[in-house]
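**Q** Sequence:
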Amino acid sequence: MILEGENLLTKRNISHNAIFGSISSISVDFGVPVLMTKDEMETADLLKVIATREQKKDNKVVAVRGEKPQMSLKERQQYLIEGLPNVSAVLAKRLLTYFGSVRGISNASEEELMQVAGVGKGIATEIIKVLNSDYFE
3 MILEGENLLT KRNISHNAIF GSISSISVDF GVPVLMTKDE METADLLKVI ATREQKKDNK
63 VVAVRGEKPQ MSLKERQQYL IEGLPNVSAV LAKRLLTYFG SVRGISNASE EELMQVAGVG
123 KGIATEIIKV LNSDYFE
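With our numbering as the guide, the letters of the sequence shown map in order to residues 3 to 139.
Fair warning: there could be bad hints in the mix.
Pair ranges (Cβ atoms, derived) [claimed, not checked]:
| # | residue 1 | residue 2 | range |
| --- | --- | --- | --- |
| 1 | Gly124 | Leu48 | 25 to 35 Å |
| 2 | Ala46 | Lys123 | 35 to 45 Å |
| 3 | Tyr81 | Asp136 | 21 to 31 Å |
| 4 | His18 | Asp41 | 19 to 29 Å |
| 5 | Glu112 | Leu82 | 16 to 26 Å |
| 6 | Glu113 | Glu8 | 40 to 50 Å |
| 7 | Thr127 | Arg78 | 42 to 52 Å |
| 8 | Ser90 | Leu49 | 19 to 29 Å |
| 9 | Leu82 | Gln57 | 20 to 30 Å |
| 10 | Thr54 | Lys76 | 35 to 45 Å |
Straight-line Cα separation of at most 25 Å, DSS-like style, residue types lysine-lysine; simulated pairs [as the list claims (entries may be wrong)]:
| # | residue 1 | residue 2 |
| --- | --- | --- |
| 11 | Lys50 | Lys76 |
| 12 | Lys95 | Lys123 |
| 13 | Lys131 | Lys95 |
| 14 | Lys50 | Lys40 |
What the hints contain is simulated information worked out from the structure, not anything from laboratory work. Yeah, the Cβ is synthetic: ideal placement off N, Cα and C, and Gly gets one too.
Taking the hints into account, I'd like the entire structure generated from these sequences.
**A** What follows is the structure in structure tokens.
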């Protein structure tokens, strides 16, 4: 558990005993380590260090999506499209129905994507950006 923010113990209208009691319970009773950072950047740095250690320890790459469940082809296509920015399960089905395939979606222009109900300029732009940007940008 990461507690983010400066002066967490002094800027709250909660007694120190209540805060320390909660933190110690989380740590001791539940076995969850509690780490403190001052801001978002420090939290990001800490998470990067933790991820790097985990990868080196087991010599593996961290999986972004976790375990891969057994799915039908249709479910895998929908799962893939749901990974696009701001694409819900409903919108993924609409896109797949409209374009007929994952390739159809990936080949679509921004204007074509916007023909699907629920896809505005912002979502279309982000989808195009994800699909067409080089990996190491």
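**Q** If a hint holds in the structure, say so; if it doesn't, say that too.
**A** Evaluation of the provided hints:
no. : hint                        : result
1   : Gly124 to Leu48: 25 to 35 Å : holds (31 Å)
2   : Ala46 to Lys123: 35 to 45 Å : violated (30 Å)
3   : Tyr81 to Asp136: 21 to 31 Å : holds (24 Å)
4   : His18 to Asp41: 19 to 29 Å  : holds (22 Å)
5   : Glu112 to Leu82: 16 to 26 Å : holds (20 Å)
6   : Glu113 to Glu8: 40 to 50 Å  : holds (47 Å)
7   : Thr127 to Arg78: 42 to 52 Å : violated (26 Å)
8   : Ser90 to Leu49: 19 to 29 Å  : holds (26 Å)
9   : Leu82 to Gln57: 20 to 30 Å  : holds (24 Å)
10  : Thr54 to Lys76: 35 to 45 Å  : holds (37 Å)
11  : Lys50 to Lys76              : violated (35 Å)
12  : Lys95 to Lys123             : holds (19 Å)
13  : Lys131 to Lys95             : holds (20 Å)
14  : Lys50 to Lys40              : holds (16 Å)
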